[in-house]
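Keeping the supplied structure of chain A fixed, place chains B and C upon it in accordance with the hints.
Residue numbers (our numbering), protein chains in the order written: chain A, 1 to 138; chain B, 1 to 138; chain C, 1 to 138.
Be aware that one or more of the hints could be misleading.
Same chains, same label: a pair holds when it works inside one copy or across any pair of copies.
As the list claims (entries may be wrong) - Computed list of lysine-lysine pairs in DSS-like fashion (alpha-carbon distance at most 27 Å, straight line):
#, residue 1, residue 2
1, K129, K69
2, K74, K129
3, K35, K2
4, K6, K129
Hint data in this document are derived by calculation from the structure and do not stem from the laboratory.
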Amino acid sequence: MKTYRKELWFNTPNRRDFVNITGQVRQCLAESSVKEGLCLVNAMHITASVFINDDEPGLHHDFETWLEKLAPEKPYSQYHHNSGEDNADAHLKRTVMGREVVVAITNGELDFGPWEQIFYGEFDGRRKKRVLVKIIGE
Amino acid sequence: MKTYRKELWFNTPNRRDFVNITGQVRQCLAESSVKEGLCLVNAMHITASVFINDDEPGLHHDFETWLEKLAPEKPYSQYHHNSGEDNADAHLKRTVMGREVVVAITNGELDFGPWEQIFYGEFDGRRKKRVLVKIIGE
Amino acid sequence: MKTYRKELWFNTPNRRDFVNITGQVRQCLAESSVKEGLCLVNAMHITASVFINDDEPGLHHDFETWLEKLAPEKPYSQYHHNSGEDNADAHLKRTVMGREVVVAITNGELDFGPWEQIFYGEFDGRRKKRVLVKIIGE
Numbered sequence: 001m002k003t004y005r006k007e008l009w010f011n012t013p014n015r016r017d018f019v020n021i022t023g024q025v026r027q028c029l030a031e032s033s034v035k036e037g038l039c040l041v042n043a044m045h046i047t048a049s050v051f052i053n054d055d056e057p058g059l060h061h062d063f064e065t066w067l068e069k070l071a072p073e074k075p076y077s078q079y080h081h082n083s084g085e086d087n088a089d090a091h092l093k094r095t096v097m098g099r100e101v102v103v104a105i106t107n108g109e110l111d112f113g114p115w116e117q118i119f120y121g122e123f124d125g126r127r128k129k130r131v132l133v134k135i136i137g138e
Numbered sequence: 001m002k003t004y005r006k007e008l009w010f011n012t013p014n015r016r017d018f019v020n021i022t023g024q025v026r027q028c029l030a031e032s033s034v035k036e037g038l039c040l041v042n043a044m045h046i047t048a049s050v051f052i053n054d055d056e057p058g059l060h061h062d063f064e065t066w067l068e069k070l071a072p073e074k075p076y077s078q079y080h081h082n083s084g085e086d087n088a089d090a091h092l093k094r095t096v097m098g099r100e101v102v103v104a105i106t107n108g109e110l111d112f113g114p115w116e117q118i119f120y121g122e123f124d125g126r127r128k129k130r131v132l133v134k135i136i137g138e
Numbered sequence: 001m002k003t004y005r006k007e008l009w010f011n012t013p014n015r016r017d018f019v020n021i022t023g024q025v026r027q028c029l030a031e032s033s034v035k036e037g038l039c040l041v042n043a044m045h046i047t048a049s050v051f052i053n054d055d056e057p058g059l060h061h062d063f064e065t066w067l068e069k070l071a072p073e074k075p076y077s078q079y080h081h082n083s084g085e086d087n088a089d090a091h092l093k094r095t096v097m098g099r100e101v102v103v104a105i106t107n108g109e110l111d112f113g114p115w116e117q118i119f120y121g122e123f124d125g126r127r128k129k130r131v132l133v134k135i136i137g138e
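If we strip away everything but chain A, and leave its shape as in the complex, we get (with noise of 0.2 Å):
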């Protein structure tokens, strides 16, 4: 069984922020050399997610809408976590759109339907974080 690991790293300069990184994790495939096996993305970092949906810049528009409807940023008096910190509404937005993906790695590809891309979430970011690549396989 071969094994890889690599840290991904972002800083975005907004506190929310999409940020395609089908291509970099394409990039650890090759470097991996496997053929066969799963690939895992996930951010190492509780107020940030990874995710595969659309790269539509209309879609994202969506998604940042209705995530401020369902845990919105402000008052940031309302969540208990935001004694000394006001990042509550990250912890709950990246609850939503999910800690990591499992991808298939079939014939040393992605096995990816027609649209699917992997997305770094970020929702409380300018300042430095990471997404963990792990793949295992032959």
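Relative to the frame of chain A, chains B and C by itself:
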């Protein structure tokens, strides 16, 4: 290490539907002859879901009502994604329900609790769409 | 390939509770003697969750309030599932929080960011329920 891959195809008559695919995944596991490992089951489309819950029609009715409350289909004009498309709500609903499940394989069986069943969740149906089953192990 | 399996049992005194199980999962990993691989941790019941977030009581209070807003327990009569049962809300809450996590194993450790902790999320407690830990690797 053994690996196995299969696509399951669906074409639901309704825009939204839940289909119990536990039997089909069990059949995949039997074909794989894997006795110990992991089974990934994921939607290959970004307006559909694979999730584990109860096979109880009342609950499925509750899921439909609840998802329509969290991410209503209409009015279509409320979503930026809906310029030329009308399925933004399906992207959001699939996000709540999840893209994938990873199931343990033990002694050649899906290692499930008493009520766990795997479902395909369709949120933009009436066309052919796919689920991927990928199994790795020994 | 090595594999390891263990069930963790819970019986929470309250209907809803969050239990930090990171130590128990670390113990499983030590028993498995796997150094490189993947660790799946999933609820075996469909009204409970396994998720990764912060071990901070204020945040857990926020999760409780937020989940009650998204999927209220009462009135029981609002849910079709509640004919003879009263736990429809628990199925919905578990859907938001997720069934499972997959954690990378590197150098014999859970490969975690600085604040990641694994929780059992109970939404219909006061009875015995189980979590599955399945580890594969080398």
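Each hint, compared with the structure:
1. K129 with K69: within (25 Å within a copy, 30 Å between copies)
2. K74 with K129: within (23 Å within a copy, 37 Å between copies)
3. K35 with K2: both (10 Å within a copy, 12 Å between copies)
4. K6 with K129: within (13 Å within a copy, 33 Å between copies)
The structure meets every hint from the earlier list without exception.
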